[in-house]
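4 protein chains.
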Amino acid sequence: MSKIKLAVIYYSSTGTNYEMAQAAVQAARQAGAEVRLLKIRETAPQEAVNSKPEWKALTERTQNIPEVTLADLEWADAYLFSTPTRYGGAASQTRAFMDSTGPLWATGKLANKLVSVMTSAQNPNGGQETTLQNMYISLMHWGAILVPPGYTDQSIFQAGGNPYGTSVTATGQGVDEASKKAIEHQTRRLLEVARFYLSGRENSQQVSAD
Amino acid sequence: MSKIKLAVIYYSSTGTNYEMAQAAVQAARQAGAEVRLLKIRETAPQEAVNSKPEWKALTERTQNIPEVTLADLEWADAYLFSTPTRYGGAASQTRAFMDSTGPLWATGKLANKLVSVMTSAQNPNGGQETTLQNMYISLMHWGAILVPPGYTDQSIFQAGGNPYGTSVTATGQGVDEASKKAIEHQTRRLLEVARFYLSGRENSQQVSAD
Amino acid sequence: MSKIKLAVIYYSSTGTNYEMAQAAVQAARQAGAEVRLLKIRETAPQEAVNSKPEWKALTERTQNIPEVTLADLEWADAYLFSTPTRYGGAASQTRAFMDSTGPLWATGKLANKLVSVMTSAQNPNGGQETTLQNMYISLMHWGAILVPPGYTDQSIFQAGGNPYGTSVTATGQGVDEASKKAIEHQTRRLLEVARFYLSGRENSQQVSAD
Amino acid sequence: MSKIKLAVIYYSSTGTNYEMAQAAVQAARQAGAEVRLLKIRETAPQEAVNSKPEWKALTERTQNIPEVTLADLEWADAYLFSTPTRYGGAASQTRAFMDSTGPLWATGKLANKLVSVMTSAQNPNGGQETTLQNMYISLMHWGAILVPPGYTDQSIFQAGGNPYGTSVTATGQGVDEASKKAIEHQTRRLLEVARFYLSGRENSQQVSAD
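Chains as they are written, first to last, in the working numbering: chain A, 1 to 210; chain B, 1 to 210; chain C, 1 to 210; chain D, 1 to 210.
Among the hints, erroneous ones may be present.
Note: identical chains are not told apart, hence a pair may lie in one copy or across any two.
[Said to hold, decoys possible] Listed next, the in silico DSSO-like pairs over lysine-lysine satisfying Cα-Cα at most 30 Å (straight line):
#1 Lys181 to Lys56
#2 Lys5 to Lys109
#3 Lys113 to Lys5
#4 Lys109 to Lys52
#5 Lys181 to Lys3
#6 Lys5 to Lys181
#7 Lys109 to Lys56
#8 Lys113 to Lys52
#9 Lys113 to Lys3
#10 Lys181 to Lys113
In short, the hints are calculated from the structure, not lab data.
Chain A on its own, in the form it takes in the complex (with noise of 0.2 Å):
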């Protein structure tokens, strides 16, 4: 079968989600998936951007990014999302992107997506686990097929035993390896799933052409 098209779709303001991202992306490439790294559309006013320097450098750094639109959900067979956490739940310029859906949604195409999610906050229980539920919620109603990574692996316990998703507690240092372990590992397996899933439904739709 040909490759897994996966859409790696991340907001990040400070660095974190995007790190994540690219993790995701490295294993993904290594898994032999056809990849797109995507970012989330800023929404925030250019002064509130400009008035964080980390942010404001990430933006610059990060410009070349193609912003994720429906035509990327459209061609994907997975989404892995990486979204911080704000409150409790995920950052207002993701739910904008989730939002602005309707049109892709109302015809069934977000359906049967193979799905994960991973995130990160500024306390290690400041709504690591929230957020991926709001997440996965959401994704519910696109119709999706969720593969967190559950306890599938044991890199998952070094990184925080988060069975939703990679959560990474945000310090402004970067990722640690351990988080990074378990990026791979959760890419890997959505990967796996979606190539079962689908190999299986091309295979079906073979036979029934016969």
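Please arrange chains B, C and D on chain A, whose structure you already have, making use of the hints.
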């Protein structure tokens, strides 16, 4: 003691939550509260708003309602939120406003507010419960005291039996009478709890000052 | 490939979830699956059961249905749970069964199962969404692949529009036809996703073994 | 006014939540409350308890602590729950107790109680947030006034930054000092909110009675 200061804060695109907020305002004024009806700022592009006649019409019809500010949050003793669901979470406009409160949060001024939440969705079970939870989770981050209605009145059963807050199925026909009665109860209950809490706190401080 | 093995696992005290489970079993058999209808063990004291005539009657009527065991969980490729809500979470009988799965969980044998959940409540918004989430969260701990229905069929809208799983308002009048159609769709969809996933996995292993 | 009546209600199998509950009881008594330490009845079979030495030992060590009853729920002004997580939800023992409260709920006697919740899990992100939400959702059904700690004290940040309630990673080494300080704060805050609310309510009734 002085009047309870209530901020009724809503986001609406088709009018359901605007009508819900108005019902709450009326009930709150009848109960003797000092009330501000406040709308959440639109973040969607103007062309999106204009593309839907009823969204555009509502925007024009409500242009004189003030947009909620951080000063309103500081002023109020109690908040009653009304927000539509989007894929099982609060509308991104609502989330964008929540996300903007960092400066107030950091000074502790969001703590100890009495809060309650209402919502609407297109389907009876299309996020009417999860959206309220999405909001309550965030309000926990603020240090709020949560006053959901529970099953403290018969009107709640008549309106669909949502113990987390009044939730309306948006049919385009306006808010039904049963829901309005549930909104009135939810509002009065929030105010009563706020009054007891605030008068108790006021008395405590007077005693301390003696 | 061989037939999909589906465990339809329910708890019921007044009969609603038993009827929902039966509708799922019928749809699954028609779709060619190998199905086990399994009830969750009662944990309430006998006098509690006896104190309510319909609870006692159901217990007697279903005494020949086997109680779900860890061996059933290991046997099945896919699980369809049906559980009443209790205060917005799954009934404690259901939770007691979940809690008993530690030995299987620890060996990794609960991972990679395809799962979906249904529920009932006395009020339309009395936990029909939150109960499903309570179950899905736990199933994420198991390493499951989640297959909620989303809005992938018109029957879902007719049955209340719950994208997380079919949910029934328990009126004492049995499960309505609209809900039965939604259950049938949810069951068929779970089986289809399971079939694609499992046949893809089987083919992958054959290729590896060549 | 009279002393606040606080029920500290816990379930524990390995001792973590028992220790958390004890820390809360001590803080509450120092704050002048009338406190009952109450354990939730074991529902696991005796052989399950006996099969784990520390579970058996705790059962024996706590045999003189009274089991919580509906009369306790009616008596108390405020509840502080402490329950371990099981797969991201509260332990089934805790849920079984919740489920048994129907008779009290139906008479409205569970309404208007001030509540807060604590938890523990084996992994830092292994359900420490979702379990608290599972409990708060149920308490909303009871008509409770929710008093999660938010970020109202520095001790919360030191203890992992969980704004929903103190949560402890159960290491088998007992509850750490940082968590104890967070428990003390959570307890004092619950009592303070309860005192303000109740004294305000009492004064209101005296005024009405004049």
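Hint-by-hint comparison with the structure:
Within a single copy, Lys181 and Lys56 get their C-alpha atoms as close as 29 Å, which meets the 30 Å cut-off; across copies the closest is 38 Å, which misses it. Taking identical chains as interchangeable, the C-alpha atoms of Lys5 and Lys109 lie at most 30 Å apart whether they share a chain (15 Å) or sit on different chains (29 Å). For the identical chains of this complex, Lys113 and Lys5 are neighbours both inside a copy (11 Å) and across copies (23 Å), given an alpha-carbon limit of 30 Å. Taking the shortest alpha-carbon separations for Lys109 and Lys52, only the inter-copy value of 22 Å comes in at or below 30 Å, while the best intra-copy value is 38 Å.
Taking the shortest alpha-carbon separations for Lys181 and Lys3, only the intra-copy value of 23 Å comes in at or below 30 Å, while the best inter-copy value is 36 Å. When the C-alpha separation of Lys5 and Lys181 is checked against a cutoff of 30 Å, the pair qualifies only within one copy, where the shortest distance is 22 Å, while the shortest distance between copies is 33 Å. In this assembly of identical chains, Lys109 and Lys56 lie within 30 Å of each other by CA distance solely across copies; the values are 28 Å between and 35 Å within a copy. Within a single copy, Lys113 and Lys52 get their C-alpha atoms only as close as 36 Å, which misses the 30 Å cut-off; across copies the closest is 29 Å, which meets it.
Proximity of Lys113 to Lys3 under the C-alpha cut-off of 30 Å is found in both arrangements, the shortest distances being 15 Å within a copy and 24 Å between copies. When the C-alpha separation of Lys181 and Lys113 is checked against a cutoff of 30 Å, the pair qualifies both within a copy, at 24 Å, and between copies, at 24 Å.
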